[in-house]
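The residues making up each chain are set out below.
2 protein chains.
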Amino acid sequence: MAETKKAGALVVVGSVAIDTIETEQGGRATEVLGGAATYFAVAASFFTPVQLVGVVGDDFPKQDLDWFRARGIDLSGLEVRTGRTMRWTGRYHEDMNVRDTLSFEANVFDGYMPTLPAAYCDAPFVFLANIAPALQARVLDQVKSPRLVGADTMNLWIDIARPELEQLLRRVPLLIINDEEARLLSGERNMIRAARKIMALGPTSLMIKRGEYGVLYFSGDTVFSAPAYPLEEVFDPTGAGDTFAGGVMGYLAAAGDASAASVRKAIVYGSVVASFTVEAFSLERLRTLTRDDIERRYREFVSLTSFDVG
Amino acid sequence: MAETKKAGALVVVGSVAIDTIETEQGGRATEVLGGAATYFAVAASFFTPVQLVGVVGDDFPKQDLDWFRARGIDLSGLEVRTGRTMRWTGRYHEDMNVRDTLSFEANVFDGYMPTLPAAYCDAPFVFLANIAPALQARVLDQVKSPRLVGADTMNLWIDIARPELEQLLRRVPLLIINDEEARLLSGERNMIRAARKIMALGPTSLMIKRGEYGVLYFSGDTVFSAPAYPLEEVFDPTGAGDTFAGGVMGYLAAAGDASAASVRKAIVYGSVVASFTVEAFSLERLRTLTRDDIERRYREFVSLTSFDVG
Chain A
66 MAETKKAGAL VVVGSVAIDT IETEQGGRAT EVLGGAATYF AVAASFFTPV
116 QLVGVVGDDF PKQDLDWFRA RGIDLSGLEV RTGRTMRWTG RYHEDMNVRD
166 TLSFEANVFD GYMPTLPAAY CDAPFVFLAN IAPALQARVL DQVKSPRLVG
216 ADTMNLWIDI ARPELEQLLR RVPLLIINDE EARLLSGERN MIRAARKIMA
266 LGPTSLMIKR GEYGVLYFSG DTVFSAPAYP LEEVFDPTGA GDTFAGGVMG
316 YLAAAGDASA ASVRKAIVYG SVVASFTVEA FSLERLRTLT RDDIERRYRE
366 FVSLTSFDVG
Chain B
66 MAETKKAGAL VVVGSVAIDT IETEQGGRAT EVLGGAATYF AVAASFFTPV
116 QLVGVVGDDF PKQDLDWFRA RGIDLSGLEV RTGRTMRWTG RYHEDMNVRD
166 TLSFEANVFD GYMPTLPAAY CDAPFVFLAN IAPALQARVL DQVKSPRLVG
216 ADTMNLWIDI ARPELEQLLR RVPLLIINDE EARLLSGERN MIRAARKIMA
266 LGPTSLMIKR GEYGVLYFSG DTVFSAPAYP LEEVFDPTGA GDTFAGGVMG
316 YLAAAGDASA ASVRKAIVYG SVVASFTVEA FSLERLRTLT RDDIERRYRE
366 FVSLTSFDVG
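Residue numbers (my numbering), protein chains in the order written: chain A, 66 to 375; chain B, 66 to 375.
Be a bit skeptical, because a hint or two may be false.
Since the list gives no way to pick one copy over another, a pair counts as held whenever it fits inside one copy or between any two copies.
[Said to hold, decoys possible] List time: in silico EDC-like cross-link candidates among lysine to aspartate or glutamate, alpha-carbon distance up to 20 Å:
| no. | residue 1 | residue 2 |
| --- | --- | --- |
| 1 | K262 | E298 |
| 2 | K262 | E297 |
| 3 | K209 | E170 |
| 4 | K330 | E365 |
| 5 | K262 | D224 |
| 6 | K127 | E360 |
| 7 | K330 | E297 |
Think of the hints as simulated: they come from the structure by calculation, not from any bench.
Small disclaimer: the values here were computed from a predicted structure and weren't measured.
Isolated chain A (complex conformation) (with noise of 0.2 Å):
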């Protein structure tokens, strides 16, 4: 695939798949666009040029390869194995913070070592999107000096690879996580004592996803809590919290800084473009949706949260 270099892009790396999704409320998706990755990717290039690193088998829609590249998303870091695309299968509760995993098959995944395309390497902004710390790591390796970079984890790691994730903490100035994650990772059910054992292992900047009831954003002493766009249906809230990061790393890459004042302006659109993601199934609403649409609701997020100050 050809290279493109672009001033202030966004590097990704993570899984890329298709799922298939069931939910109590909206039915069946089979073989949908699915990963970590992906929504990521699509949501960041809402706002910035962004670079994905990741891998598909040979079966993965020519089509969807097409609309990443209209996006502006490079794919000379995405590989193209012989073989399947990742598989995950899903099922959502009624309560849809709940779902069980019915399937997985890691198939192309299954081995795979990101590298990335030299063009990469002096990525200014790279997110780490949730997959095993080592693989993490080896992409971190690779960038020369990065101004932000950002990582995702997941329950798994956290019981299974626990020192390797610690090792790449350390490294790791931004973490996105949830509330789930965050209570495993620190032992404590409190999200203040749970954020300040999460930053003493490295971290000097934590999102906790809550799904529902928002973000929580600690930044040295300071709390920034964001709540949720009011949505009236949650169609599938799959890739709802990386679309969340790839809104606020997409945001961030764009403006060039990560100051206090843009990342809460990030963590707003990243609440945002999580909100339309989670209205349709896979990346169905991301398809149609414009700057314009998130820029409308930007603004009620604004009066959904502000009052007088004094």
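Mind docking chain B on chain A? Use the hints.
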């Protein structure tokens, strides 16, 4: 008790009780001050004069009555009957959102029929704390033309006194309940749909308390989301919701209006006072709390939630 009429006063009716509380973290507090109207009245008294309607036994501590009076809480509507004050014993789980009632004695509250002193009947602001809907209605029958009536309720009344509750709700413009009660009352898990169904029963405004996740406020087509103040330790959550309601109604009574802007400020003030309440057992933290402490934490709420609007 001496009757004093105060302009802009706020009438509250509800339980005044003696609690025994156990927590996993903080041990046990035996025979301490409690009751929804107690928490409400003390919280509201930081903002406005309060007129307390309820009943206690002759065992109720005189020093607590003196403390109420010193805080500007008028007690001419508080009956003192021969017998024991209402008693409640509860135990919180490690997850403090869950608690068990170990024992409950209505005692002098049994058969109590609230009667308002004449001076209370033209109160502009009235709050019906959580008691049987028929008793709440009886209070409402006695006030002449209040500017704002707020009410709380609980799962018990939704289950066993739904017709009376629905009758009451047609006369209550502001309902303040928690998320569990909102789900039970509406039959909806989603808070937007729950709010719509509840507002169809009468209230034009609805505040849904979500504990550590803050408050959602619905009025007409607008939604306001306020976070909870992030606390490192919740010592005793008893009365947090009643304190919140007291702060809200107290601020509005003092402001003398219920405009959209005032209600948003009132919600933040309510959240602030509630955040102090849970820092110690019973109402202990409120005994030393000052208006300056409240203003300081209000400003912290501003910094907790603010982001650039464009």
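Each hint tested on the structure:
no.: 1; hint: K262 x E298; result: between (35 Å within a copy, 15 Å between copies)
no.: 2; hint: K262 x E297; result: between (35 Å within a copy, 12 Å between copies)
no.: 3; hint: K209 x E170; result: neither (33 Å within a copy, 69 Å between copies)
no.: 4; hint: K330 x E365; result: both (13 Å within a copy, 18 Å between copies)
no.: 5; hint: K262 x D224; result: within (17 Å within a copy, 43 Å between copies)
no.: 6; hint: K127 x E360; result: neither (31 Å within a copy, 59 Å between copies)
no.: 7; hint: K330 x E297; result: neither (24 Å within a copy, 25 Å between copies)
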